[in-house]
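Student: The hints should help you fit chain B onto chain A, whose structure is shown.
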Amino acid sequence: QKEVEQNSGPLSVPEGAIASLNCTYSDRGSQSFFWYRQYSGKSPELIMFIYSNGDKEDGRFTAQLNKASQYVSLLIRDSQPSDSATYLCAVIPSSGTYKYIFGTGTRLKVLA
Amino acid sequence: DAGVTQSPTHLIKTRGQHVTLRCSPISGHKSVSWYQQVLGQGPQFIFQYYEKEERGRGNFPDRFSARQFPNYSSELNVNALLLGDSALYLCASSTSPTRDSTYNEQFFGPGTRLTVL
Chain A
1 QKEVEQNSGP LSVPEGAIAS LNCTYSDRGS QSFFWYRQYS GKSPELIMFI
51 YSNGDKEDGR FTAQLNKASQ YVSLLIRDSQ PSDSATYLCA VIPSSGTYKY
101 IFGTGTRLKV LA
Chain B
1001 DAGVTQSPTH LIKTRGQHVT LRCSPISGHK SVSWYQQVLG QGPQFIFQYY
1051 EKEERGRGNF PDRFSARQFP NYSSELNVNA LLLGDSALYL CASSTSPTRD
1101 STYNEQFFGP GTRLTVL
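One line per chain: the protein sequences are A and B, in this order.
Okay, so the first sequence: first residue is 1 according to my numbering, each after it adds one.
Okay, so the second sequence: first residue is 1001 according to my numbering, each after it adds one.
By construction, these hints were calculated from the structure, which means they are not laboratory data.
The beta carbon of each residue, even a glycine, is placed where N, CA and C say it ideally should be.
Misleading hints may appear alongside valid ones.
In silico DSS-like links for lysine-lysine, alpha-carbon gap of 27 Å or less [as the list claims (entries may be wrong)]: (1) A:Lys109 <-> A:Lys56; (2) A:Lys109 <-> A:Lys42; (3) B:Lys1030 <-> B:Lys1052; (4) A:Lys67 <-> A:Lys2; (5) A:Lys42 <-> B:Lys1030; (6) A:Lys109 <-> B:Lys1052.
Coverage of chain A stretches by chain B, computed from C-beta distances (three or more under 8 Å per stretch; other residues unrestricted) [what the hints assert, rightly or not]: (7) 34 to 43; (8) 100 to 106.
This is chain A alone, in the form it adopts within the complex (with noise of 0.2 Å):
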């Protein structure tokens, strides 16, 4: 079982729509649980982050939580041409460790 699982898509939705992107993982001690949107030939850019179970929200951008099922999602409401790029999703373990854990990746590609 892969640490954080993504489903590698691509996510084809209509401009306009919901966009909703899962990650799972594996660690149930996890605490910290990032949204990375990264275009194509660069680095990732920070979207969104959330430690506590329930939603959180940023503009367009909603995060979910749920320690218990062990998932993590975002959704993307109005979703833009513009919003086309891959999400990952980062997992700080329980161990102590000093690493964020990534999963492989969605590709989302908004279709105008």
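Tutor: For chain B alone, coordinates are given in the frame of chain A:
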């Protein structure tokens, strides 16, 4: 304020050579982490440094080494390059080591694209 900077942007080397990649963190950030990202994969953790000390090491061979300087900038060195070392090397900075704070975000530089021929 400037973000994380990395140099060089691109690099082409041949097998067996040595490479040094450089990173300057965001002003005020004392922790630097290095990641390797191969095409189609998420970044893989290589090292983390804080206050010039190594705070974490990923599952990479001893050919990979790093250090952090008093001004918090950092170098990643890779010896005896292999074809499989071709990747985007990312530097990320944060205010403190991940372990010391739950509320800790890492910000990435633009990366160095290394091609090994």
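Student: Please go over all the hints and tell whether each is borne out by the structure.
Tutor: Cross-check of the supplied hints:
Distance check on the hinted pair: A:Lys109 and A:Lys56 sit about 23 Å apart at the alpha-carbon level, within 27 Å; holds. Among the hinted pairs, A:Lys109 with A:Lys42 is consistent with the structure: their alpha-carbon atoms are about 17 Å apart, no more than 27 Å. Only pairs whose Cα atoms come within 27 Å are accepted, and B:Lys1030 paired with B:Lys1052 is accepted, the gap being roughly 9 Å. A C-alpha spacing of about 17 Å is found between A:Lys67 and A:Lys2, which places the hinted pair at or below 27 Å, so the restraint holds.
Proposed proximity of A:Lys42 and B:Lys1030 is supported: the alpha carbons are some 24 Å apart, at most 27 Å. A threshold of 27 Å between alpha carbons decides the hint, and for A:Lys109 with B:Lys1052 the separation of about 41 Å lies outside it, so the pair is violated. Counting residues of the segment 34 to 43 of chain A whose beta carbon lies closer than 8 Å to any beta carbon of chain B gives 4, which meets the minimum of three for the stated coverage. Only residues whose C-beta sits within less than 8 Å of a C-beta in chain B count toward coverage, and the segment 100 to 106 of chain A has 6 of them, enough to reach three; the restraint holds.
Hint violations for this structure: number 6 only, all remaining hints satisfied.
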